[in-house]
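Here the protein sequences line up with chains A, B, C and D, keeping their order.
Going left to right, the first sequence walks through residues 156 to 558 as our numbering numbers them.
Going left to right, the second sequence walks through residues 95 to 524 as our numbering numbers them.
Going left to right, the third sequence walks through residues 128 to 542 as our numbering numbers them.
Going left to right, the fourth sequence walks through residues 167 to 689 as our numbering numbers them.
In case anyone wonders, no lab produced these hints; they're calculated from the structure.
Among the hints, a few may not be true.
[Claimed, not checked] Computed list of lysine-lysine pairs in DSS-like fashion (alpha-carbon distance at most 30 Å, straight line):
1) C/K285 x C/K370
2) A/K451 x A/K285
3) B/K124 x B/K147
4) D/K248 x D/K492
5) D/K492 x D/K345
6) B/K392 x C/K285
7) C/K203 x A/K361
8) B/K394 x A/K420
9) A/K440 x D/K508
10) D/K359 x D/K489
11) D/K359 x D/K496
12) B/K372 x B/K394
13) D/K312 x A/K440
14) A/K404 x C/K414
15) D/K248 x D/K496
16) A/K420 x C/K290
17) D/K359 x B/K309
18) B/K372 x D/K593
19) D/K489 x D/K345
20) A/K194 x D/K184
21) D/K681 x B/K370
22) A/K440 x A/K451
23) D/K594 x A/K319
24) D/K432 x A/K420
25) D/K593 x A/K440
26) A/K285 x A/K319
27) D/K579 x A/K320
28) C/K290 x A/K404
29) C/K203 x B/K394
30) A/K424 x A/K451
31) D/K184 x D/K338
32) A/K451 x B/K392
33) C/K203 x A/K424
34) D/K579 x A/K243
35) C/K285 x A/K361
36) B/K349 x B/K449
37) A/K285 x D/K508
38) D/K681 x D/K248
39) C/K168 x C/K414
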Amino acid sequence: MQILMKRRTTGALLFTALCTAHLCPTQLSAQDVLVQASKIVVAYGEGSTAATVLTDSALLLRDGKIAFVGADIPAEARRAARVVDYGKATISPGFVLAATTLGRDADLAEGALAFTPDLRAAEAFDPWQKELAQLATAGVTSFGLAPSPRNVAGGIGALAKAGKKQGRIETAEAFVGFSLTRAARSQERMPTSLMGALEMLRDSFKTARVGVQVGPDLAVLRQVMSGQRRALIHADTFAELNGALDLAKNFNFAPVIIGARDADKVMAKLAERGVGVVLAPLNPKARIADLELPKKLAKAGVPFCFAGRPDQLRFSAALAVRYGLDRNVANAALTRTPANLIGALTTVGSLRQGCGADFVVFEGDLLDLGSRHVATWVDGENLHGESPAGAKTSQTTNSAGGR
Amino acid sequence: MNHSLLRIAIVCTTIAIPALGQDLVAIKAKTIHTITGPSIQDGVILLQNGRIKTIAKASDVEIPWSATVIDASDKIVMPTWVLAHSSGGMRGSNESMQNVPWLTVADAIDPASTYFEGMLRNGVGTVHVLPGNNTLLAGSGLVVRPFGRTVEDMTVAANTGMKMSLLARGGSRLQKIREMRRAIAEIREYLANFHREKAEFEKEQAAGAIPEDKKWEKEIDRKKQAAVDLIEKKLKGWLYVPSFAELDEALRMGKDLDLNFVLGANLDEAMPLLTKLKAAVVLDDALEYFETDPETRKEKQYCSAKMLADAGVPFALSLASSGPSSYPWWQFGTCVRNGISRQQALEALTMVPAKMLGLSDQIGSLEVGKLGNIQILTGDPLQATTWVDTVVLEGAVVYERSKDPRLKYLFEAAKKADEPKATSKKDEGK
Amino acid sequence: MTRPIVQVLLQASVTLLLTALATAQQEVTAYTNAHILPGGKPTISNATMVVSGGKILALGGADVKVPDGAKVIDCKGMTITPGLIDASFQSSNNQQDLNEQSEEVTPHLRILDNIDPEDPLFRRARNNGVTAVHIMPGTRNVIGGLGCVIKTYGSDPKSMVIKADASMRIVMGAEPSNGNRAIRGGRVNSMYYRRPTSRMGVIWSVRRAFYDAKEALTKTQGAPGDAPPSPGTQIMMQVLQGKLTAVTTARSEQDLRTALRIAEEFGYETVIDEAQDAYMVADELAKKNAVVMLGAPSAETISGSAAQDGSAPRSGTVAVLASKGIRFVITTGTNPSALPLIREAMFAHRFGLGPQLALDAITIEPAKLLGLDDRIGSLATGKDADFVIWSHNPLDPAAVAVSVHINGMSVSQPR
Amino acid sequence: MTVIEAGTVHPVSGPEIKNGVVVIRGERILAVGQQGELELPPNTKVYKFPNGHIYPGLIDASTDAFADAGLRSDGSLNGGSKIADGLMWTDSRDDHLIEHGITTAYISIRAGSQLRGQGAIVRPRASGFDLWEDREQAALQLLMTKGPGASHALQRQSQLEAIGRLFDGLDKFREAKEKYEEELEKYETDFEKYLEYHAKKNGKDKEKGKPNGDKAKKEESKKPAEAKPKADGSEPAGRRRGGRRGEGRPPRGGGAQEMSAETFEKTLATIMALLGKPKTETPTTGSQDPKPQGRSGDRATATPTRSPTKSGGDKAKKGEGPKRPKYPKKPRPDPQKEALLKVLDGELPLRIEAHRVDELLAALRLQRDKEIPVVVLERAYGADRVTRKIAAQGATVVLTDVLPNSLGVPGDKRNPYSKFDPTALPKKLNDEGIPFAIASGTARLASLLPMMAAAAIGRGLSEDAALRAITLTPAEILGIAKDTGSLTREKFADVIVTDVPLFASDSRVLLVVAKGRTEYEAK
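Build the full structure now, drawing on both the sequences and the hints.
This is the structure in structure tokens:
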């Protein structure tokens, strides 16, 4: 599995074998890591169910995954592992960013055609791009790389993670991105109006459902209709939301709406059809009705999470709590729900056995801005913040100015 | 094309009318609304030398044989409307410099303007023409009658007020307030300086430094006379208050100047301040406006006339130059629709503006001794189907609907259709 | 796979429950001693109207007795009229969403996708007594697409629709070609470098669209194996076969004559929209017994992007149309400075139209024009309970819609 | 008498008190202490919050509440404009500061080029607001930044020089004012002496009745220039200086036009003198000065052509006694210069809005060069690199935008402000001992003031320092620390109560008492 990777100054290639041998010789026989803290939240509950919390316990990390949790860590593994003790702090699952283009909108939008569902966002992922460095500082451990909302059917999104030196793709084909917002309609090509966009999608879904032999793009639509792939649809105004929900009802698939600014106008439909919502980060200067939208979504039982700029994720959750959202739902909105909405619940979003070793460490409740962000670990490596016991691992970037 | 044509039409009609108000005129009417008194059914109004001599029921008035009789026995007779503030009828209503108190509209009124023709068509008998809203101290206005060959013919009253405005163009409201305060302070300073010099002259004379026979012959600079009269409350000020934001400053200025306010739109935020208005105010022609609450995005409709009526402040209406709000019946309908009584709406175009202009003894209602400004309507003034049939100004017929060129142009199509049954009576039956 | 099926079952039961609920508590309301203008029929004074379940049960003078247990509302001194119908209504989307501008001829696109029930213009219309409107795509395309008739109140556009594909809009005049630029060499960097760029070009696009449709009509009888005609052409074929009414927006005299000529040339029925210069072509309209949807009679000028095609509207137009016996309705049309519909009718009444004709032109006539006079447009037993209670006679400038009812439900208490 | 009891009291001026109580009498705080320590007179109103927290009323050191959109975009602000003139209560969401626990706020507007008016200290009320008595003009706002757009260092340098020029010419203005005062008194006394002399003289030679030509001429020359008849007042006024034709705006730099008329008359007078014209009375003001003030009359008297005759008069009639004094010319009022003078005297603090490091250095240099006693730096994002200088010069800092990444996406090269970290700045200033306040910056964020302090705590600032930064320190910066800012005896009774600690995300204000009056009570 020799991947030719180039050292990233102008996108040059790097020979992996040569690189790993030279840089970190100790990596070969990876030693287990035992992380201890006074409070460990393994996973936040869905809706009103409580979170599973361990007090004064530990996690055993092996090869970037969580091998054992709490009581069932075997004794000899506990002795052999390198111990990292965070004392009074709280360890909780790393934040998951449901859908973002990480500032590379142009790379993730095919300009000529509006309908390109079979393009793969993973191919536009640049593992060395500098925006990855900001993720660890913001506590984000994994994110859904979504196609840009500038295309009516943008393509297939991927689940990716930041790494110590470079990011990597966790799952190449996670969900399919659609968009009915104004961004998709203000390009100088078909469609220029919402009528045109909806007609294009209705037409394509109809031919995908009825057609005998179809091309790769309509095959993706078939996977969506069969429920194999989640459909994430950008929609903001009432007309867009209504169009998206009717489209999903006609062709029988459960969409996830991204943006949903006027969600309170279609709250009943969202709740009734079990549609998930990915909200844009809350703007502190917005209307009170917009700031109370998370509370209303929670009351109606609509699963939701935040996306967009990674550095505003935790602040959005804190603002939502200030405007009435229940704390458990807010915590879930940062970790479990986004993983669930993009169909990656088994790998990220919680600290169960077998999940990735992605967690954040805070002194106090992470929803209060006053609690200090101690550290962020991704795939068993400490990317941000000092690890108290071991040697000061090389931080990626938390001071300003990038690398 | 049609403007010049219409103007010629007006000029030739005026020549044909006999000299104004020399003799006796009698008007027989189905109903006479006097505004101040009770309405009279089948009444007669007798005019002598342009003034109302008697108003009474037809039965107890004996029409002299020499009187020219206007038969309006199936129509409604009312006093003509009075507009307390308007800046129409002038070639340009704003001077380019901000502080020009010495100007007067007398130099700018164009007697042949179609604006005055529009006034007659709507039954307006008296218009107070003032400069526009774009300057600080804009000069003095003139009360005119919308009919006459020269400005002197049209003038009813002069020196009726100095136009001031707080309208800040290009978002500089504080600067406009500052400039207004400075302009008034400078005039006060000039006046104080003048009086000080006069006092010192008298003291010197008393002390003998100046011989007795020398008199004090220095008087106020002609260019500042109007502004000084304003400061000394000899001249009324007409202050345009664009919105709620300037009302506070206007009330402050109202304490030391004799001001009438002309209120713009968007007054809902200043609801508590409205109760502080003592005198009557003039309202802009746009009476209703929508406002969207940024938080709930719900739209709410406001009516400035209703707000003033609730605050107990008498108000006068104005008419736009075009569009629905240029018709009096539409403005009355808007007021009644928003909960204002019919009488208060009618007074808003008759007695209230007359009082504001200080001419309530001359115009504003049909009473003995007042000017014979009368309009004859085809129906109730608050009905949409009512047209102004004839306008009599000071005893002389100045407008007749049958000879109106503009209405002919608008309804020409109806004439061209061959059978005459296009009129409304025919449709009744269908 | 099982999830969707479970969902369908669940939904079915829910809707069953709802309808049961609605019929159970069948509320009966009676509006007594009101002055009723039923529309199309003479006025009934101190009449009673009984409404229940969204329909009108009974209507009449003294002979109608109030069923016991009914909620009685005394409307002394007030007037009840049918809910007003605006046959050409402009919702508040900005121009970009009213037309699909990637092509000039898009007959198959539906404006229904754009409807937002909480659009402030719907609320204003409701507050002024309008209960149903006919919305068409914008006037930026030569053939804009399919309009629909909806009620002005509802939680979801689908529930508001009375008639889904009510009309297809064709626009005459220079307006559709305004944004296009001729391809005269040089950089062609936008899709707006295309035909038509002139009035002739616009009429050519219409003619070609109809020609293709005629061609497709003759061909389908021939070889069934060919590819089916494009969705746009299918709509044009319905127009040619008379199954779908075409609404042609034409303002100036020249456009009106062209509209009538094209309709005659391809043999389809058309309704003329806006028609400011109708009084100049009154005789031809009468001869072809065309129906006119007159835009904003009160407007003294045409504003907005249509000003280029507009002509100076004449107040006497309504009287001419009435006297020539031309069927017409009064609408607010595309003029942004149009007054509420009831005021437009009032101005028409002022300019010489009889009161009964003025009210019919905004109630029963548009219902007949849209083919919905069996459900809405007038007050009669069995029809939808869409009605308005006015404070005065509706053509009085001081008249206010005290309460507006759609399907028997009071949807707005404006004051 | 009102008593508020709660689980914990945070007086800011002292340590935290468990189960504390605050006793209020009239407008002032009577006592703060442990529950049960003080006996209470019978008719006291008692509020009990068993697990609530009592804090002093929050103070927002920089906001733009009570200003409607028109005022917030009023580009015409200069040093002389008083923001208090334009403030209005419009019951909009932004005006309800009291519900967020803010009992005192400093209002300033971010519009206008350099000097942006004089801010005001207000006390928000349940409906409406009161201006703090003598603090309607609380500080002079000065803009010393080009904003986040990319701007060349030289550009910023030239802007800073322009600001320096504002201050010169002040002493000349002050002298002119003082000179005018002295001349006025001298004029009064001279005029009295002059009258007595003549009264005495007339008493002696009643019969001589000597005509006194000199004074008459002086009187006559004071007659203002004969103005044209009013009717043609619209003939084109003097040369238009600035301002496009037909554009109603007053000519820019109003003073410039007046200058040109004056120089025009001087040059005309000198030419007349050179030509040896015998005519002595004032030239008919051909250049009719459109300025309405009577100045043309006065200035005519002051033109040089007059002076030769006056001096001539003195010599000839030496023994005649005191001549008639001349009324001094009143200098043009200039509110901006008066405000700048007050700044130099230290009565009015100067608030300088500077963001980047070089702008901060320039502000500090301005303070040194012009010896401005009280300077407050606003929004100083780059302050952590100039802390020593700030501490040395005793300037204080008002920080806004203290929210996570509020200045832009970190690491975004196009945005020069993305390298600033506003939430980490408070800790660094606190370590250097520089007094700083955390403010909302705009009325819309007033409800997030506690959250901003929490964000600073999250980056290492201690809780007490954070609480002080939104209560006592802003009071000190605004100069009202003796009346408010902490729960101490004899201070105004500005007290707020929250259900959970103030810095928790979901803390809610339960009760607000301002000056002893209950302004807000959560339902």
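Right, here's what the structure says about each hint:
With a C-alpha separation of about 22 Å, the suggested pairing of C/K285 with C/K370 holds against the 30 Å cut-off. Between A/K451 and A/K285 the alpha-carbon distance is near 36 Å, which puts this suggested pair outside the 30 Å criterion. With a C-alpha separation of about 19 Å, the suggested pair B/K124 and B/K147 falls inside the 30 Å cut-off, and the hint holds. Restraint check: the Cα-Cα separation between D/K248 and D/K492 comes to about 35 Å, which exceeds 30 Å; the hinted pair is violated.
Using a Cα cut-off of 30 Å, the hinted pair D/K492 and D/K345 holds, with the two alpha carbons roughly 14 Å apart. A C-alpha spacing of about 23 Å is found between B/K392 and C/K285, which places the hinted pair at or below 30 Å, so the restraint holds. The straight-line distance between the Cα atoms of C/K203 and A/K361 is roughly 57 Å, outside the 30 Å bound, and the hint therefore fails. With a C-alpha separation of about 20 Å, the suggested pairing of B/K394 with A/K420 holds against the 30 Å cut-off.
Taken as a hint, the A/K440 and D/K508 pair is broken in the structure, with Cα atoms around 36 Å apart against an allowance of 30 Å. Between D/K359 and D/K489 the alpha-carbon distance is near 10 Å, which keeps this suggested pair within the 30 Å criterion. The hinted pair formed by D/K359 and D/K496 meets the criterion: a straight-line CA distance of about 22 Å does not exceed 30 Å. Restraint check: the Cα-Cα separation between B/K372 and B/K394 comes to about 28 Å, which is no more than 30 Å; the hinted pair holds.
With a C-alpha separation of about 24 Å, the suggested pair D/K312 and A/K440 falls inside the 30 Å cut-off, and the hint holds. For the given pair, A/K404 sits about 49 Å from C/K414 by alpha-carbon distance, which is inconsistent with the 30 Å threshold. A threshold of 30 Å between alpha carbons decides the hint, and for D/K248 with D/K496 the separation of about 23 Å falls inside it, so the pair holds. For the hint pairing A/K420 with C/K290, the CA-to-CA distance comes to about 24 Å; that is within 30 Å, so the pair holds.
For the hint pairing D/K359 with B/K309, the CA-to-CA distance comes to about 23 Å; that is within 30 Å, so the pair holds. With a C-alpha separation of about 57 Å, the suggested pair B/K372 and D/K593 falls outside the 30 Å cut-off, and the hint is violated. With a CA separation close to 21 Å, the supplied pair D/K489 and D/K345 stays within the 30 Å bound. Distance restraint check for A/K194 and D/K184: the Cα-Cα separation of roughly 28 Å lies within the 30 Å cut-off, and the hinted pair is therefore satisfied.
The hinted pair formed by D/K681 and B/K370 meets the criterion: a straight-line CA distance of about 28 Å does not exceed 30 Å. At roughly 19 Å between alpha-carbon atoms, A/K440 and A/K451 fall within 30 Å of each other, so this suggested pair holds. Taking the CA atoms of D/K594 and A/K319, the gap is about 29 Å. The hint holds against a cut of 30 Å. Proposed proximity of D/K432 and A/K420 is contradicted: the alpha carbons are some 74 Å apart, above 30 Å.
Distance check on the hinted pair: D/K593 and A/K440 sit about 25 Å apart at the alpha-carbon level, within 30 Å; holds. In summary, the hint linking A/K285 to A/K319 is supported, as the alpha carbons are separated by about 12 Å, within the 30 Å threshold. Restraint check for D/K579 and A/K320: satisfied, since their Cα atoms lie roughly 20 Å apart, inside the 30 Å limit. Proposed proximity of C/K290 and A/K404 is supported: the alpha carbons are some 21 Å apart, at most 30 Å.
For a cut-off of 30 Å, the pair hint linking C/K203 to B/K394 stands: about 28 Å separates their Cα positions. Restraint check: the Cα-Cα separation between A/K424 and A/K451 comes to about 14 Å, which is no more than 30 Å; the hinted pair holds. Using a Cα cut-off of 30 Å, the hinted pair D/K184 and D/K338 is violated, with the two alpha carbons roughly 60 Å apart. A C-alpha spacing of about 19 Å is found between A/K451 and B/K392, which places the hinted pair at or below 30 Å, so the restraint holds.
Restraint check: the Cα-Cα separation between C/K203 and A/K424 comes to about 42 Å, which exceeds 30 Å; the hinted pair is violated. Straight-line distance between C-alpha atoms of D/K579 and A/K243 comes to about 38 Å, which puts the hinted pair past the 30 Å bound. Restraint check for C/K285 and A/K361: satisfied, since their Cα atoms lie roughly 20 Å apart, inside the 30 Å limit. In summary, the hint linking B/K349 to B/K449 is supported, as the alpha carbons are separated by about 20 Å, within the 30 Å threshold.
For the hint linking A/K285 to D/K508, the alpha-carbon distance of about 51 Å lies beyond 30 Å, and the restraint is violated. Under the criterion of a C-alpha separation no larger than 30 Å, the hint pairing D/K681 with D/K248 is consistent with the structure, at around 25 Å. Pair hint C/K168 plus C/K414 holds up; C-alpha atoms about 27 Å apart against a cutoff of 30 Å.
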